[in-house]
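Enquirer: Assemble the whole structure, with the sequences as input and the hints as a guide.
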Amino acid sequence: MFGLSHYPEDNNHFFRSDGRIPTWEEYYIGPVHGETPTVYTNAHQEGIEGSSVYPQEKQISVNSGECVRFQFSKLCEHWTSERHGLGKPPLLLLSIGGRDGRKKEMVPMDTDGYWWWLDVNAIDLGAPGEGLSIFMVTKFDGKDGRGLSKEEFLAKRGRVGMAFAGIIKWDLI
1 MFGLSHYPED NNHFFRSDGR IPTWEEYYIG PVHGETPTVY TNAHQEGIEG
51 SSVYPQEKQI SVNSGECVRF QFSKLCEHWT SERHGLGKPP LLLLSIGGRD
101 GRKKEMVPMD TDGYWWWLDV NAIDLGAPGE GLSIFMVTKF DGKDGRGLSK
151 EEFLAKRGRV GMAFAGIIKW DLI
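Under full-length UniProt numbering, residue 173 is the last one in the sequence shown; the count climbs by one each step, no gaps.
A portion of the hints provided could be inaccurate.
[As the list claims (entries may be wrong)] Okay, derived cross-link-like pairs now, DSSO-like style, lysine-lysine, Cα gap no bigger than 30 Å in a straight line:
#, residue 1, residue 2
1, 104, 150
2, 169, 143
3, 169, 139
4, 156, 104
5, 103, 58
6, 139, 156
7, 88, 169
8, 103, 156
9, 88, 104
10, 156, 143
11, 169, 103
12, 58, 169
13, 139, 103
14, 150, 88
15, 156, 169
16, 169, 150
17, 139, 104
18, 139, 150
19, 143, 88
20, 104, 58
21, 139, 58
22, 139, 88
23, 150, 58
24, 169, 104
[Stated by the list, open to error] Have a look at the derived ranges for each label pair, beta carbon to beta carbon:
#, residue 1, residue 2, range
25, 149, 33, 37 to 45 Å
26, 100, 158, 16 to 24 Å
27, 161, 7, 47 to 55 Å
None of these hints come from the bench; they were simulated from the model.
Quick reminder that beta carbons are idealized off the backbone N, C-alpha and C, glycines included.
Expert: What follows is the structure, encoded as structure tokens:
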């Protein structure tokens, strides 16, 4: 990780897991050769490591025929929302448009407390030209959204008022 965010003067100080020493050009350009997704300030406040966000490129093809994995991790394994953040962890949702953008849905992400992930068929993400975002639930049924479980959300989805804040955004092509 250090070799991705800092270019040390001494090549022995890259501390990369792959042991490689990148050229200055590789370091400067980074691992992604296109535009990266928009990662909002809320993501860092919630302890999300921006460089762990996948897909790494901003544009996602809905016609790839593939299953797309959305995932990211915390800043470090010791970071907790209660201790370092703003309270109980928020529930994170992927807002998808459905085939051709005709079936809008907020799908809860899975988490093990360190990683968040969700697999969705590319064709179900929405229509080309639409945006695709991960949101956190800020209000749910008139109460603070922090600590909301996936099960509580699914049980009351569409029947109570909700508010959201953006975390990450991609564009569909």
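Enquirer: Each of the hints needs a verdict: does it hold here or not?
Expert: To see whether the hints hold, each was checked on the structure:
{"no.": "1", "hint": "104 with 150", "verdict": "holds (18 Å)"}
{"no.": "2", "hint": "169 with 143", "verdict": "holds (26 Å)"}
{"no.": "3", "hint": "169 with 139", "verdict": "holds (20 Å)"}
{"no.": "4", "hint": "156 with 104", "verdict": "holds (17 Å)"}
{"no.": "5", "hint": "103 with 58", "verdict": "holds (22 Å)"}
{"no.": "6", "hint": "139 with 156", "verdict": "holds (13 Å)"}
{"no.": "7", "hint": "88 with 169", "verdict": "holds (23 Å)"}
{"no.": "8", "hint": "103 with 156", "verdict": "holds (18 Å)"}
{"no.": "9", "hint": "88 with 104", "verdict": "holds (27 Å)"}
{"no.": "10", "hint": "156 with 143", "verdict": "holds (13 Å)"}
{"no.": "11", "hint": "169 with 103", "verdict": "holds (19 Å)"}
{"no.": "12", "hint": "58 with 169", "verdict": "holds (8 Å)"}
{"no.": "13", "hint": "139 with 103", "verdict": "holds (23 Å)"}
{"no.": "14", "hint": "150 with 88", "verdict": "holds (14 Å)"}
{"no.": "15", "hint": "156 with 169", "verdict": "holds (25 Å)"}
{"no.": "16", "hint": "169 with 150", "verdict": "holds (21 Å)"}
{"no.": "17", "hint": "139 with 104", "verdict": "holds (20 Å)"}
{"no.": "18", "hint": "139 with 150", "verdict": "holds (14 Å)"}
{"no.": "19", "hint": "143 with 88", "verdict": "holds (13 Å)"}
{"no.": "20", "hint": "104 with 58", "verdict": "holds (20 Å)"}
{"no.": "21", "hint": "139 with 58", "verdict": "holds (28 Å)"}
{"no.": "22", "hint": "139 with 88", "verdict": "holds (13 Å)"}
{"no.": "23", "hint": "150 with 58", "verdict": "holds (27 Å)"}
{"no.": "24", "hint": "169 with 104", "verdict": "holds (16 Å)"}
{"no.": "25", "hint": "149 with 33: 37 to 45 Å", "verdict": "holds (39 Å)"}
{"no.": "26", "hint": "100 with 158: 16 to 24 Å", "verdict": "holds (21 Å)"}
{"no.": "27", "hint": "161 with 7: 47 to 55 Å", "verdict": "holds (48 Å)"}
This entry satisfies every hint, going by the numbered hints stated previously.
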